[in-house]
Every structure is written in structure tokens, then in C-alpha cells.
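Q: So the sequence lines, in the order shown, correspond to chains A and B.
The opening position of the first sequence corresponds to residue 35 in the numbering used here, with each subsequent residue numbered one higher.
The opening position of the second sequence corresponds to residue 35 in the numbering used here, with each subsequent residue numbered one higher.
Just so you know, the hints here were simulated from the structure itself, not pulled from any lab data.
Hints are not guaranteed to be accurate.
Where chains are identical, the list cannot tell them apart; a pair therefore holds if satisfied intra-copy or between any two copies.
Said to hold, decoys possible - As a list, the in silico DMTMM-like pairs of lysine to aspartate or glutamate whose alpha-carbon atoms are at most 25 Å apart:
(1) Lys122 - Asp370
(2) Lys101 - Asp395
(3) Lys242 - Asp350
(4) Lys242 - Glu378
(5) Lys158 - Glu38
(6) Lys230 - Glu307
(7) Lys312 - Asp350
(8) Lys36 - Glu375
(9) Lys98 - Asp233
(10) Lys167 - Glu311
(11) Lys73 - Asp169
(12) Lys59 - Glu375
(13) Lys59 - Asp169
(14) Lys98 - Glu157
(15) Lys158 - Glu375
The model shown is predicted, which means the values in this text are computed figures rather than measured ones.
Protein chains: 2
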Amino acid sequence: MKYEFDGNPVMPKGFTCASRNCGIKEGDDDLALFYSDTKANAAAVFTQNLVPGAPIIAGREIIKKAKLQAVVVNSRVSNVGTGEEGVKRAYRMGVAAAKELACESDEVMMSSTGVIAVELPIEKIESGIIGMKADLGSDPLVGARGIMTTDTYAKAISVTTDDFTLTIVGKGSGMIEPNMATMLVYAFTDAAISAKDLDAVLRRGVNKSFNMLSVDTDTSTSDTMVVMANGRAGKVDMQDFEEVFESSCIRMTEMLARDGEGATKLLRIEINEAVSEKEAKIYARAMVNSPLIKTMAHGCDPNIGRMLMALGKCFDNTLDVDTLTLSVNGTVVFADSVKTEFDEPALRQSIDSEEVIFKIDLALGSGSATAYGCDLTHGYVDENAAYYSS
Amino acid sequence: MKYEFDGNPVMPKGFTCASRNCGIKEGDDDLALFYSDTKANAAAVFTQNLVPGAPIIAGREIIKKAKLQAVVVNSRVSNVGTGEEGVKRAYRMGVAAAKELACESDEVMMSSTGVIAVELPIEKIESGIIGMKADLGSDPLVGARGIMTTDTYAKAISVTTDDFTLTIVGKGSGMIEPNMATMLVYAFTDAAISAKDLDAVLRRGVNKSFNMLSVDTDTSTSDTMVVMANGRAGKVDMQDFEEVFESSCIRMTEMLARDGEGATKLLRIEINEAVSEKEAKIYARAMVNSPLIKTMAHGCDPNIGRMLMALGKCFDNTLDVDTLTLSVNGTVVFADSVKTEFDEPALRQSIDSEEVIFKIDLALGSGSATAYGCDLTHGYVDENAAYYSS
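Start from the sequences and build out the full structure, keeping to the hints where you can.
A: Spelled out as C-alpha cells, the structure:
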């Protein structure tokens, strides 16, 4: 099956979205609606953080029905650490969206993202949402705009095959090491897929993409990924669908990583021939999270010592320095237990780009994994050491 | 028992040290000797990194005898990732020291610290060490000088009680999350203590101090802590000794944390009333390592959301938001499941100091732990994104 990512993403048949400012942010869009004009099968995964936001507490109940017709999202205030009252306000947000869209309130998923331990300004949302149905359109980038926090641009991609369209809208650039899902990501398709199949495809896809993304090891209290399938395009080949779903998730993961707070580069860590997939994932995560790996990428320094260190600190894994091969952007830098002779100026120049690929071959087994992240820069420190930060 | 840390640290009876430049660094001291004029009982702990340096491979053999008369350390080149030849050179370094000091070469511990995957310039050490015995003196700060890498100052402390003296010399400011020991730390005492007791006191002390220190989550391939007791001061009360040993290790831990790469503040995370000590340690480490906690301390921002997030991302721990109390520098900021009313300008001013203490009371059990770290700054990025970094 041939497919490509659309330069101008579109919503699938029957799906629309809108964004507006309801007064939570100064002037930027802070409220988004995603809508299917018929009920859709749905699945979702949420953060594993022990202090989940109020929308997560509500969302876990709502997704049990496995049917959704809309998603409503506000940005700037996350409704986390807000007690019982926070949960009530999360439900009120869903009710307001259902009223505006004339659908069932238990078929609306709510998300909130932004500062923690601040009360959700629910009245602003309730009044601001009125009349928003009239704004609904087919450009997913419009919906993406309303869910942004520290992102530097709105993120949406879509793929249209002969049989169906899949569209993914996402946000998130700090407090990112999802576990179960990513920051906020919504996928929409007109393919006809049962809720059960959707759930399975979602979990497999997330494990290979968003769950292998880390900006700063810090798992948000609000991470959510929702997928909705309204069936408008009829039945599809499930293998085709899963292939498109997985590669779209990876593409969005790379977009989120590259736009990590302060980031100037995307890091991709590819671990091959580890003892097991489990060990490969541990190695990949250790490397992508290491501040010393992140800063060496930033400084264009092919620092072999730090790569050895980052692998070696996975104490419970298996490693044999004698069979280990390390390469950076295609250049082998360590093999046969010593540093290789390589053209250092050329390699430094190659690291001075948008993407740095670390490839580690362990020659121990058949486990492989890829992790996605970004470099560590002054920009990250500036963004997060601000006097009033989120 | 009353005791205090000496403003001018001294070596215990029978111990001396010296540093000099042997040509590995441009001009600063790069070679240090620590010497006991009689054989001492000894114990040591080393990094758990899977890619241990050559001196660690040799050191694990040497410590089996539980007797040492000297420690020889070079800085600037760590002798890690250097294959078989590296191990040979590590032993040659011990032989050179033994020859100079006229002691047994299997009673000399070697350490190397600095860049990884670079060959140890052993000839410089072998010729540079000649005549160094004549330099041996009683100021531990002189020995501390020769083992420095990115440290901003030489670190040594000593305590003299009525019965004995304990002196600790340490270094390390990046690639620090020891596991088993810290970067390089050497403790010397004239107390008479069996090797077995020394080993037990060392392990207990390290677990409460250096193993709870983290600058950047990155565990070095060279971490070593050695303790030597030459018995010159005779038998001592073991409880007294352990008390002094533990508090001295904690003091040195705080010094290393505060001097972490780019650091401007010491962070102390105190976890109380967790379900178990194990969970308390996991919480303490998660907080001290969180880039978002480190940057909020740097920015003097009492960000409650990040504290909740950092606790909540310890997925396998137990947490009840309703019984949780968070305080920063003595001010309660979160209790009864919501943010408290507190004097925010005053708290910001209090965080704008050398030390930030996060106290977390979980009210779930009797587990407690303290972790030590530092803030994350431009300085860290600068130091580690340099074009040629270590």
C-alpha cells in the first residue's frame, strides 16, 4: 500500500474542528472542539501519573462506553491538583460541549492542559463555547491551535489512502515522558473499526511511538491520547490501517520531540540486537534522557565516553563491550572495544543538523527499540526557570 | 559525643598526601598520592556502571586483600573504554606508586578520572611520580587538588574527636548519580577498625549519603569510594565512629551537590512517612533528578504542579493526594489536597538562596529518605555542550 503525509492536512469524512479564545489566555486560542457528525467508536489511553488531572479521572469513566462524538480541550489551565471541585468542573466542560453540539454528554471527552493546581475557569468555558458549532471546519490545524501551550507551532498530519483518511492532532513540548500515552494527541478516522480493534491498534501504536518519546523524563499529569473512528469510509483492511496508524504516530512523535522545549535537534536512538525488546527499550530511554547525551548533541560533540556511560548505567541489562558497535549519523565511532579512527570534523558537521541518529548494535540477541527526544539547551532552562512557570 | 568539622582540615595520624602536575593537564595538578606510613585496613565500593573503567576492574581485585597503604589518582583521563591495554596501564600506575613509596603494589589503589575512551598517558605518570614521596604533607586539600576535574574548588573535611580523626577528600561535579559509591571519595582514619567493620560502616554510610546524590542522573564509569583505617589512634567506640563517618559523608555529599556542574544552589529533598524506605528513596531521587524541579529551584518559583508531577511519576509507589503535605524552605504550599494560602513573594525570596529544602510528608507509613542535588542552569549546558567536552 502506498501513502504519504499530506502537506495540507484535512479532517476525515464527517469530522470537523474549531478553536477560539474564551478568555483564559490573553488573546490566543484556548478552547478547541473536535466533532464527528455521527457517533464514533473510540478508545483512549491516559497518563500513569499518580496525581492524574481531573479530566483524566472523568475520562477514564467516559471511555468505558467506547463511543464518542466530540472532544473538548482547553489550554493554559490543566485542572490538576484541584480536588473534588476540579472533577465537577471537568464534567461541566463536557456538558457545555454536548449542549453546544447537541450530542450526549457521556460521549464527549474533555482534556485540559497548562498550569497545575489552579482552578479551572469553567464559567469562561461555558460562555465561550456558545455558538462555536458554527465555526466547525475541516482544517485540523485550526483545532491544533487551541490546544497549544509552549509548542512553537500547531501540529496536525493526515494520510489519505484509497480507502480511508487518518488525521492526528497533537501538542506538547515539556513535561514529556508519557507512559501509556503522550501529552494530548487526538486521532480521527473515517474507517469503520470496532472499538475493540481500535483499542488494540491504539495500544500497539502508542508503545512504539509516544511511549518512546521523552523531552525531560517528567511525566505529565494530563497525558491523553484518544482515537475516534466514525465508519464513514466503510470497512478497511486492518493491516493497512495499522500500518498507517503506526507510521503516523511515529511521525507525530518526531514532531513533538523536535519541538521539545528549547530544542534545536531531534534525537533518534536506535537500539539493535539487544538481549530482548525490554532491554532495548531501557537502553534507548536511558540514552535519550541522559543530560550528557542531550548536551553533547547540542554541542555537536561525538562523545564516545558519554555513550558508553549511558548504556552502562542500565545496571540490570546485559552488555558486552567487545561486541558493541556505536555509530552517530552513520559513522561508526566505537567497535571491537575501542574508539575507531573516523573523520571527526566531518562527523561534527553532520551532528550540526536538525537530526542526530545514534545507532547502537549490541550483537547479543534480537531485541530492538527506537526512542525519540531532543537536545538540552539554554532555551529549556530559560523556559522552565522563568519566574512564573508552568 | 561532641564534634565539629575542622575549618582547616588535617590528615589523621600517620596519613599524608601530595599532588603535582605530571604533564597530563596544561599546568594544574593532575596526579595525587595518599599514603599511610603503616599498612591500613581498607574497604571500597565502586560504580555499578556496566562499562567500568580499567582502575575499577583492577580495584575490585586489589580490595579483596582488605589492606592498603596508598591511593594514587590521576585526573584529566579516566582510562575507561580502553580495552585490555587500559587495564595493564592501570596496574602500571599502582606499581609506579608502590616503587616511589616503597610499599607493596597490591596494597595501592588506583583511580583515574576525566575523559573516556582516551589512552592513559602512563609514561607521564611513571616519570612524574618520581620524587613525590618528598612532597608528602598533612594538608588534605593538597591531595584534593590533584583529583579535580570540573570541580570549582578542592574539597576536604576532617573531624577530630578525643579519640580519633576522620578525614574525607572528594571530587566530582558532573556525571554524578553514583550507585554503590560516589565519584572519587577517599576517607582516612587513625581509628583501629577491622576491615570487616570498615566495610559495613562504609556501605551503610554510602547508602545514606553519596548514593542519594545526583547531579544529572548520569552514573559515571569511574565512581569509587575507598576508606583506610591505620589504627594509630587505637580502638574507638564503633557507634561514635559510625556517627562521625555518616555525618562526614553527608557533609561531603552536600559539598559535591552544591558544586555540581553549573550549580548555584544545593537541593535537599526530604521524604517522610512514605510506605517504606524504598519508596521514600524513589520519591526523593525522582524529585532531585527532575529537570522541571531543578529549573524551578533555579528560577525561585514555588511550582506546586511540578512537585505533584514529580511524585506522581513514581508509578509503582503509593500516594494519597488527600494526606500529602508539601513544603518548601519551611513553608507549607500544599495540604488537604489543595494549594495553601501562603506569602508567595516571601517564599520566592527564601528560594533565592544557597539551599532549597523540599519536605514531603506522605502520612502513609514510616519510610523516610533524603536526596541531594543541585539546580539546572545555563552553566550546566555550557559546560557540557562545549565543542570538546568530557
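Q: Flag every earlier hint the structure violates by its number, smallest first.
A: The structure conflicts with hints 2, 4, 5, 6, 8, 10, 14, although it agrees with all the remaining ones.
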